[in-house]
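Let the hints inform the model, and build the full structure from the sequences given.
Here are the chains, one letter per residue:
There are 2 protein chains.
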Amino acid sequence: MKLNQTFKALADPTRRKILDLLKDKDLTAGEIADQFQMTKPSISHHLNLLKQAELVRDERAGQHIYYSLNTTVFQDLIKWSLQFYEEEERKK
Amino acid sequence: MKLNQTFKALADPTRRKILDLLKDKDLTAGEIADQFQMTKPSISHHLNLLKQAELVRDERAGQHIYYSLNTTVFQDLIKWSLQFYEEEERKK
DNA sequence: TTGATATTTAGATAATTATCTAAATTCAGC
DNA sequence: GCTGAATTTAGATAATTATCTAAATATCAA
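Note that the protein sequences, when read in sequence, are chains Z and F. Be aware that the first sequence starts at 6, since it is given in this note's numbering, and climbs by one per residue. Be aware that the second sequence starts at 6, since it is given in this note's numbering, and climbs by one per residue.
Incorrect hints may appear among the rest.
Pairs count within a copy or across copies, as identical chains cannot be separated in the list.
Result set (BS3-like, lysine-lysine): computed pairs, CA atoms no more than 25 Å apart in a straight line [what the hints assert, rightly or not]:
| id | residue 1 | residue 2 |
| --- | --- | --- |
| 1 | Lys22 | Lys45 |
| 2 | Lys28 | Lys56 |
| 3 | Lys45 | Lys84 |
| 4 | Lys84 | Lys7 |
| 5 | Lys28 | Lys84 |
| 6 | Lys22 | Lys7 |
| 7 | Lys56 | Lys13 |
| 8 | Lys56 | Lys45 |
| 9 | Lys30 | Lys13 |
| 10 | Lys45 | Lys30 |
| 11 | Lys7 | Lys56 |
| 12 | Lys84 | Lys22 |
| 13 | Lys13 | Lys28 |
| 14 | Lys56 | Lys30 |
No lab work stands behind these hints: they were computed from the structure. The structure presented is a predicted model; accordingly, all values stated were derived computationally and were not measured.
This is the structure in structure tokens:
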């Protein structure tokens, strides 16, 4: 996992909302774009950043491209965060 | 916790290295700056962003200002991440 | 109060990023 | 192969961010 890419991807409200939408179910690029007041190319750009950060996966189904969550990076994020949180315990 | 501020603060390698340094022990602004090839004002800027994101606290001690980790935001980050990771379980 | 040290603030510049419009690509159905 | 729909790519522009130098502030020690 490239932490920098991960955090950069997460540091944008549009992209975090996309992740939230994908929690419920997989969606096509178009269905995702419909949820925002932003052009499709802009959403495509955000999806690409999420994909590069391995936060989502994409899979073509005919004319549509379905996006889905890839939860492994969230696991890594939890591990990374724990090293700081656990530190508090050690110091006590 | 303001997620956006948190992720923006974490989306920079210099700032993440500062957090790593503070895991071991509290450090003054100067001691932190010594670990980087960057001017003190630049490090001060990064410290300020970390402080605004409540990832660190500062406390003056005479001429020095000590910085320390504030682990509560890391806890929040873990909770936030879990909502995505746990989703995988639900779908199975 | 003066001089030295630690740190931050101000202001400028360069690099990065988000967004748009227009054009290109990919696929389905005829 | 052509047409239409879904999506991405390219290229431009505006906003944001990282970094620097110079100046300001705060504290200590004499």
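Here is what the structure says about each hint:
In the homo-oligomer, the alpha carbons of Lys22 and Lys45 lie at most 25 Å apart inside one protomer (15 Å), although the nearest pairing across protomers, at 36 Å, exceeds that limit. For the identical chains of this complex, Lys28 and Lys56 are intra-copy neighbours only, at 15 Å inside a copy versus 31 Å across copies, given an alpha-carbon limit of 25 Å. Taking the shortest Cα distances, Lys45 and Lys84 never come within 25 Å of each other, neither inside one copy (34 Å) nor across copies (31 Å). Taking identical chains as interchangeable, the C-alpha atoms of Lys84 and Lys7 lie at most 25 Å apart whether they share a chain (14 Å) or sit on different chains (21 Å).
In this homomeric assembly, Lys28 and Lys84 come within 25 Å of each other (Cα to Cα) both inside a single copy, at 21 Å, and across copies, at 15 Å. For the homomeric pair Lys22 and Lys7, the shortest alpha-carbon distances inside one copy (21 Å) and between copies (14 Å) are both at most 25 Å. Taking CA atoms no more than 25 Å apart as the test, Lys56 paired with Lys13 passes in both settings, with 12 Å inside one copy and 19 Å between copies. With identical chains, the CA atoms of Lys56 and Lys45 are at most 25 Å apart within one copy only, with a shortest distance of 16 Å there and 36 Å across copies.
Only within a single protomer do Lys30 and Lys13 lie at most 25 Å apart by alpha-carbon distance; the minimum there is 24 Å, versus 27 Å between protomers. Only within a single protomer do Lys45 and Lys30 lie at most 25 Å apart by alpha-carbon distance; the minimum there is 20 Å, versus 47 Å between protomers. Within a single copy, Lys7 and Lys56 get their C-alpha atoms as close as 12 Å, and across copies as close as 24 Å, so both meet the 25 Å cut-off. For the identical chains of this complex, Lys84 and Lys22 are neighbours both inside a copy (23 Å) and across copies (17 Å), given an alpha-carbon limit of 25 Å.
For the homomeric pair Lys13 and Lys28, the shortest alpha-carbon distances inside one copy (20 Å) and between copies (22 Å) are both at most 25 Å. Taking identical chains as interchangeable, the C-alpha atoms of Lys56 and Lys30 lie at most 25 Å apart only when both belong to the same chain, with a minimum of 17 Å there against 36 Å between chains.
In summary, the one numbered hint that this structure violates is 3.
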